[in-house]
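K.L.:
Residue strings, one per chain:
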Amino acid sequence: MSELLRLEDLQVHFPIRSGFAEMVRRKPQRFVRAVDGIDLVIQRGEVLGLVGESGSGKTTTGRVIVKLTKQTAGRIVFDDDDVSGLWGQRALRDYRRRVQLIFQDPYETLNPKQTIHDFVAEPLMVNDLVPAAGERETRVLQALDSAGLRPATDFAFRYPHELSGGQRQRVVIAGALVMDPELVVADEPVSMLDVSIRTELLHLMLDLRAERHLTYLFITHDLAVAWVIADRIAVMYLGKIMEIGPADGVIRSAHHPYTAALVSVAPTPEPPDAGTRASRTILVGETPDAAHVPPGCRFHPRCPLAFGRCRTEEPPLFDVGDGHQAACWLAEPGARAEGQSLPAAGAEAAAREGAVPAASPRPGSAAPTP
Amino acid sequence: MSEPLEAGLASTPSLPSAPALPTRDAEVRGRRRWPLPKQADPNAPLLVVEDLKTYFSLESGTVRAVDGVSFTLRDGEALGIAGESGCGKTTTALSLIKLLPANARIVGGSVRLFGIELATRDEKGLRRYRWREISMVFQGAMNALNPVQRVGDQIAEPVVERLGLSRDEGMKRAVELLELVGIPGDRVRAYPHELSGGMRQRAMIAMALACYPAIVIGDEPTTALDVMVQAQILELLERLRHELGLSLILITHDLSVIAETCDRVLVMYAGKVAEEGAVATVFRNPRHPYTRKLLAAFPDIEADRRTLAVIPGSPPDLRTPPPGCRFHPRCEFAMELCRTEVPRETTFADGVRLACHLYPPGSDGSLPAALAGGASGGATPAAGPPQTDALSFRQLADEALAEGAPGHFAGADHGLAPQRPNEPSPPLTPDARPERER
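For the record, the sequence lines run as chains B and Z.
Note that our numbering has the first sequence beginning at 7, numbered continuously upward.
Note that our numbering has the second sequence beginning at 649, numbered continuously upward.
Among the hints, a few may not be true.
[Stated by the list, open to error] Stretches of chain B that chain Z covers, calculated by requiring three or more beta carbons in the stretch to come under 8 Å of a beta carbon on chain Z:
1) 164-172
2) 196-210
3) 228-234
4) 260-273
By construction, these hints were calculated from the structure, which means they are not laboratory data.
Glycine is no exception: its CB is placed at the ideal position from the N, C-alpha and C atoms.
Take the sequences, apply the hints, and build the full model.
P.N.:
Written out as structure tokens, the structure is:
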């Protein structure tokens, strides 16, 4: 197991265009702090699920990794090379071959006037990777075949309108595969698709990981999808990572109130029994504007468990064992010793813990206080 | 929300398709703001749809988008219509108030609201019912609002047009409605782009409520929203339903939304009803192979092991639907009969209505051996190679994690999953579903 990508204190701040009046009054330039200092390591061969509401900065993080957006500060280290300063088409050619992006909307990603073959072959031509037309065609057909569009020759010369949503997303995946990448950044690849087709694509992505030794950064707003596909889950809120750890740990024993709330509202097809609806923690409001990040813990205005310290001091990521970290004062080693553990405080988390068989013993703080 | 209504619902969660008490119907109807339409039969059920057929004519043929759908909606009830895209669920809803595109036509069946036939009415004849009795929250709140008109004006428009109130009164009502759905009243003067996604969806709901309708149809009301906002919107719908005595029709491919908010569920496949019944009954004990697959394919963080089913193939082209049962090409239990004969809808003792040859009309509706066993056994030789691809990668991942190396299962180990097609997938048997905390 080796490290493939490391982000160090990554920040992306977008300047807010100020009006003439503000310029005259010499107001300081304001920024949207889309990504506000995250550290993240992706191991070779793993699937890291990056989960967050819209406006949490998860997509911006993905765009920085594929170098579509410039970071304000911080370092990006890919395969032991610092690529933070790498810019320009020529310099990025090799990097872009190794790191590919899958977009959310297969209806908009594909050019309606381009055949599937041309779409998949384009990156090869642009990067001048395979100059020979015959060889290029073989590569394209191979990629289509890997993406499950079989027989590939049937699909290669169709147009996007002739395909269903699931097939289109397979084409987009083929377009990423044809470059033979090492890291694939998938930005909400299944959220536009029906549930029944979702499974197929998740299945496909995991098969491809096995076949081609891919590593995924899987960006999604849906905790359940992340849980299905990811080895580790990172939960983002307003540009910061709130909690990160093994998928099981994050879902089964959330140490951050935000994660716990997300888990409690995660969609489930179980009909609600009397009482289960009450166990949900619905946070009021929406992710606040990243231009006005609250002081202290940025989650405190919506946090059901916030106390004095949360309003003034921002918690760092505390280790809670098993490679599981949470940025919450309640996860601080001392705080937990005092019995302020999250599952005890959050009734819904406690209720859920009870529902889970004892198969996943949680590090410390496990016992819900009666 | 201490309505007697809610208490009644909560205390009878497992009643088989609880036939709503007439008293409840009367109670809900008693809260109406307006008298019933003149031609209404006061004793008729709220909405009865019978054998509805809506076809689209294209150059390349006729698309039978809705092909014989029947259901009943009672006062104060929430009905969820589920199915994959292209199964005709939106067309069914649009047919109720005939908001259909120009090339679509209702070719048969009836839609009766308070006993009044709507399917045969012309545009003018429908004015009394559109929005005043049946309103709609359209798909994609981002695009359904007019970007160059203030939200308040858009909400006031149906009030002014349909109820004949003055503009000032309309704006007053708009403020009231915004506050009802949880938006500060002073936002009436906001433009849609000044509102967040969740607030726009709330504004759409406010608009649907403008004329105190009896039925609100929500077409994928939460699909484009974040999970937390989705939970907020569902909670809002639930509250409004009880406070205002609304009846809801929720159209969604997301079964969790239906589990969360609806009393009954109607699963559609290729323009027909596959299964219909009380949510608790159908979701705990799904019978139709399609319903079972849909439920098994749903990623659920409450399930203990990640075993997701795949529904092989894609929905049929409705210009040339397959003969017999329309689901048979994708059904692992398809028999010879399924290929030739269209299954008839049968209602079983617990109120579940089904169209599947595995449950013939005379049977008691219990699980056939083939399904109970999970995998396609010898009972269905016609099924050919088993098409289930039980997806147990989570399990594999967990095993690999237990061995201490997350990178380890990236290689050969994971390749095991596709080689285990015969593994019975736990979600298929109801008892294997994880127990939930009471």
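K.L.:
Evaluate each hint against the coordinates.
P.N.:
Results for each hint:
1. 164-172: Per the Cβ count (3), the hint holds.
2. 196-210: holds (count 9)
3. 228-234: Since three or more residues must qualify, the claim that chain Z covers the region 228-234 of chain B holds, with 6 doing so at under 8 Å.
4. 260-273: Coverage by chain Z holds here, the residue count being 6 at a Cβ distance below 8 Å.
Violated hints for the displayed structure: none, as all numbered hints are satisfied.
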